[in-house]
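On the provided structure of chain A, position chain B as indicated by the hints.
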Amino acid sequence: MEEYPEELRTPPVSLVALFGYSELQASITKHLHSQQPPINALAFPDLSHISLLLAHDDQISRASSFRDPLSVSDSSPTVPSRCGGILKRDWLLKHRTKVPALVAAFFPSHHIFGDPTQWLQVCSDLDSLKSVIRPKNIKLVVVVVQSSPQEELSEDRLVALRKRAELDSKYVLFFNSSIDSELSVSLSRIASAFAELALAYYKEEGRRIKSRVERRSSNSPDLNVRYCFKVAVYAEFRRDWGEALKFYEDAYHSLHEMIGTSTRLPAIQRLVEIKTIAEQLHFKISTLLLHGGKLIEAVTWFHQHKASYEKVVGSTEFIFLHWDWMSRQFLVFAELLETSSATVQSFSSLNQETADISLTEFEFYPAYYFQLAAHYLKDKKCALELLLSMSETAQEIDSCSESITPSLYVGQFAQLCETREEKGESLTLHSITDEEYTRFTISEAKRFQDSYEIIAWLKRSYDSFTNLKARRMAALCAFEVAREYFDLADLNNAKFFFNIAASLFRQEGWVTLLWEVLGYLRECSRNLGALKDFVELSLEMVTLPVTSYDDSGNLRNKNYGPGGPATFSRRESIHREIFTLVCPEAELLSSTGGSGFNLATDSPLHLEIDLVSPLRPVLLASVAFHEQIIKPHAMCSITLSLLSHLPIPVEIDHLEVQFNQSTCNFVIRNSQRPLWASSSNTVESGSQVENEPSLVLVPNNWLRLTYAINSEQSGKLECLSVLAKLGPLFTISSRAESPAAMEDLSLWKHENRVESLPTKDPVLAVFGQKATQVDEPEPQVDVSLGASGPALVGEDFTMPIVVTSKGHAVYNGELKINLVDVGGGGLFSPRETEPFSLESHHVEICGIDGAEGNDESESETGNIKKIQQSFGLVSVPDLKEGESWTCKLEIKWHRPKPVMLFVSLGYLPHGSEANTQKVHIHKSLQIEGKMPLLISNRFMLPYRRDHLLLNRIKPAPDSEDMSSLPLNEKSVLVVSAKNCSEIALKLVSMSIKFDDEQGETSCLIQQGGDSPSSANLAPGEEFKKVFTVIPTTRTSKLGLGSVHLKWRREGGNITEACVSTKHKLPEVNVEASPLVMSLNCPPYAILGEPFTCAVRICNQTQLLQEAKFAMADAQSFVLSGSHSNTVSVLPKSEHVLSYKLVPLTCGEQQLPKITLTSVRYSAEFQPSAVASSVFVFPSAPHAEKANSAAK
Amino acid sequence: MANTACFIIVGRNDIPIYEAEVGSAAKREDAAQLHQFILHAALDVVQDLAWTTSAMFLKSVDRFNDLVVSVYVTAGHTRLMLLHDSRNEDGIKSFFQEVHELYIKILLNPLYLPGSRITSTHFDTKVRALARKYL
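Residue numbers (the working numbering), protein chains in the order written: chain A, -16 to 1174; chain B, 9 to 143.
In isolation and in its complexed conformation, chain A is listed as follows (with noise of 0.2 angstroms):
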């Protein structure tokens, strides 16, 4: 786009010329610029330069009219004399820099208005003006410079001086620069003033030529042409791009007719012509869409434009004309497309409005322009590099074509000639022949480095594609560049760019777009001489999956690149190359030197391949052990399975494999193959060697060996690399893989081929590892955990470890103990929350109780002990062969629990040497925690006193165990524990202690009876205790206290500390009753004999108290009495129902049931079933007259 002139790449600005007053025209222009759009101004300091103005103009045109031979020697009587061409070349730039649209004379007020000489002056100033403008249509404009603004104005000379003129009283102006204000309000004026002026005359000029376009006065298409160029131009002055557009489209198509009728010039220069001027049209028209933003449109005229000169070729000899001038215009419209500010939003909807021809998606952005442009450049340089090969007189292009210089018009190039004639020297321009312009084109031509060019634009390219992360395309641009890098011999910019393009085709796939670079990036390395990326490329080229046989490769008719076809006998070819190349054979060393590398035989060359390497289908190495752990010392078995997709057969020296555990690693050697005295520094001398009759890689093969290794150290064993010794020379390494984790080899897996297994075992292929674990030796010291039964909740359950050396010494030892809950779920559970249960952990270990007998040694060794909840570590002092040591365990249960002990030693069998490894023993033990005593408690009320507990109206039937008490009534209370372990148990105490200060003073608790306090309990045996309570206050929740007992084991230590355990007594209700029903009856009753049974009604409130109570008959009495009544107690007193009662039958007997109802309270009660029952002897006891006669 630079190449062009400026005034074709910048819209036309209105042009006027002032005259005089230099001081002030500084300011105007200024003015000038600044407005919207904006005037450019040419300054004269006074009106004697006014024949600078136009005159060179004038000369010129003159002379070239006359000097001219192209117009003069035309024959053709049609074509006008001065039409020697279709556009001159500086017209524009006449336009916009020489000729005024208007001209402004600035006068001083008091040349006017003063002295009549000054006037006269002025006058003819003005008539020379004229003169000179006039012809031109050019404006005037009369400016009135005032001194101040109370100047005195002549009305007559102002008319004399409009006269003058012949203008308009509105282009006469005044201009005043004395005050600020004025000076502004001036500007303005003749700013606007200006701008009507310039807009009329531009408005003029274009309607003049518009009339001749469309008179067509004249046939000739090249003034059509040049007469639509010109109003397109003055249109572009006034602004209105809409007709400018419409000037040049039309333009443009009158030349497009022109191609096959114009006769004016030599073929060759009428082509080229026409082509040029066709390039600044469609530049135009370009410009003018994309600046109002029509993208599509533009896109879419850049097709018409391209279509239909593409096949514009001109001779085919000189085609390179043609593909400079496609190139052009791509570059020139991807300049602009990167210029502009228009931007698609929608492709998809684009597609759909244009059905002529759909546009894609890229070819809305410059990159795809670019490309093309470089593409057609590439075109260019290989036409020219034909041409130039084929003619022999290249020199004498350079000596002839000197003086060519473009001619007057657009696209005309003509030879400057020196003539002497009369007047002295001068320049004429001569035109030329069609051979002298092509020496001329190509000698210029041979100047430009198009590579470089073709580089910049596809760089250009790659970098947009790049950016709109289409990285296809941008490969396809890497590639390009690549190439155009490798023409020009720079191997290094060449080798980054096919890199860039081959990671893309190795990662998509692409195998024979990845052959093509592959050949190109070999060609590159060869030639840098790096030997080692020769080898590698070359191995990746040969183990592509290129099966065709076809010697055409897969495309026919194909220029191949360096790689040459993508077929399987290039393939081979190749691997022939490399192969002879890195591992010759001794009778051929001294030959190589074919592909132009010289194999020291110093040099080794060593490749690596790891698990993402493009060479894994050259050695792919799948190691798999049978067993997954294995002892040590003990062989084990392991199948190594190598692959190669090489297209010919390997042989392999000698193989070594590697490990973790260097003292594995073994060499297996081909025993066809002679010894190569340089050994490997990663094999031990004195390591496993294993011989193999032969050792060769059929292509699509596993090689599958099996060997037996074994290994000393314990831990993981794992394979890490095999290593493929081909020659003296010539190593591959490649990653060991396990055959359970191999993937597939990207490019070889969507191929036909025969797939196998690497191992024969199909389990061992697809759960192979390439590591095992070595197990530890065999520990050779016991620990043994001697348990003593089941635990018992509370106590410290004390349980020994006793370490004892059998073979091995122990040193560094260390024992680690753990309490782990059986059922899962942790020792502890959040969820209780029992007091006892605060400290979290049911079960924890309380103290370790080292080492009995061996105190010094302890002390010497520094002992560690770390002791937790749950988790113990102690070290174990160092033992000698045959040596025990103890220590104990202190458990302590809170709940019942099964728990299990874990316990494990750690130490190194052979002192404190750096290298051996720590041996270890585990133990474990579940140990059961119960708990020793059941403990429960019951009540129970006064003997035959029922009272009407109003909290249970209904009461039970046998309601001993009751939780409401009577206030200050003497009620009972059982406490009983029972030894529920398999363990004899001595209980020390049981006491009843209040938990705080209220207890005590709400009841009164007594110990009952005097029964011992202490006793042995045997298994399943149960203690019990009586206590009586008195409740002094009413309350609801009478707290007890809790029960205390004191234990331990029997047979036990007597200075052991007895175990203390607490049950907690529930709390009970405690209130006043409002009546209570006593039942007086005698002990006993003698069948048949009648006895007297009364029931009392006490009331003990202080209101009358009404009662119905209801006696049932009981079958084994007969009774007498009222069964059923109502009686009203008076207050604090009694009322006594009396019965008598004959007994019928004998034993334990149910007296009638008395039912007592209390109306206040709607309340019924009955007394219990074991209060209200007499035994019934058949005849008087004997025993107390027995004992009555004794006495």
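Be a bit skeptical, because a hint or two may be false.
[Stated by the list, open to error] DSS-like cross-link-like pairs, simulated, lysine-lysine; straight-line CA separation at most 30 angstroms:
no.: 1; chain 1: A; residue 1: K289; chain 2: B; residue 2: K101
no.: 2; chain 1: B; residue 1: K67; chain 2: A; residue 2: K277
no.: 3; chain 1: B; residue 1: K141; chain 2: A; residue 2: K452
no.: 4; chain 1: A; residue 1: K880; chain 2: A; residue 2: K1047
no.: 5; chain 1: A; residue 1: K289; chain 2: B; residue 2: K67
no.: 6; chain 1: A; residue 1: K901; chain 2: A; residue 2: K880
no.: 7; chain 1: B; residue 1: K141; chain 2: A; residue 2: K294
The set of hints was computed from the structure by calculation and includes no laboratory data.
Below, chain B alone, put in the same frame as chain A:
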């Protein structure tokens, strides 16, 4: 029949599974080696365009000079791509549809692993016959 036509089937994982040069003659040999490169680059356009329409035949998606890339996307996102210089859109559409049927027949073969290279000579012959018929 078109002068230049390069036909490629690209599997859903962007790997070419079938490729054939089906043009009657290569007029400009220098450009011929670019055919696969151009088709590969056109995948960038296809991957955007394929989701904007429900039609299988995407018509011409990319243009390199006078060479046009037409694409047909199957439901399984296998792309049939043709680089051609002819303007016979109906013929290309019919060609794609018939090749699609052939491809489906290949897929029905229980021994054919979807996504792997098509090496059937029968398929190759049929495709070339279709190219002669329609392009």
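Evaluation of the provided hints:
1. A/K289 with B/K101: Distance ~27 angstroms between A/K289 and B/K101 Cα, so the pair holds.
2. B/K67 with A/K277: 25 angstroms, holds
3. B/K141 with A/K452: Violated, at about 38 angstroms.
4. A/K880 with A/K1047: 21 angstroms, holds
5. A/K289 with B/K67: Holds. A/K289 to B/K67 sits at ~22 angstroms (cutoff 30 angstroms).
6. A/K901 with A/K880: It is violated: about 34 angstroms lies between the C-alpha atoms, which goes past 30 angstroms.
7. B/K141 with A/K294: Holds. B/K141 to A/K294 sits at ~28 angstroms (cutoff 30 angstroms).
When the structure is compared with the earlier hints, violations turn up for hints 3, 6 and for no others.
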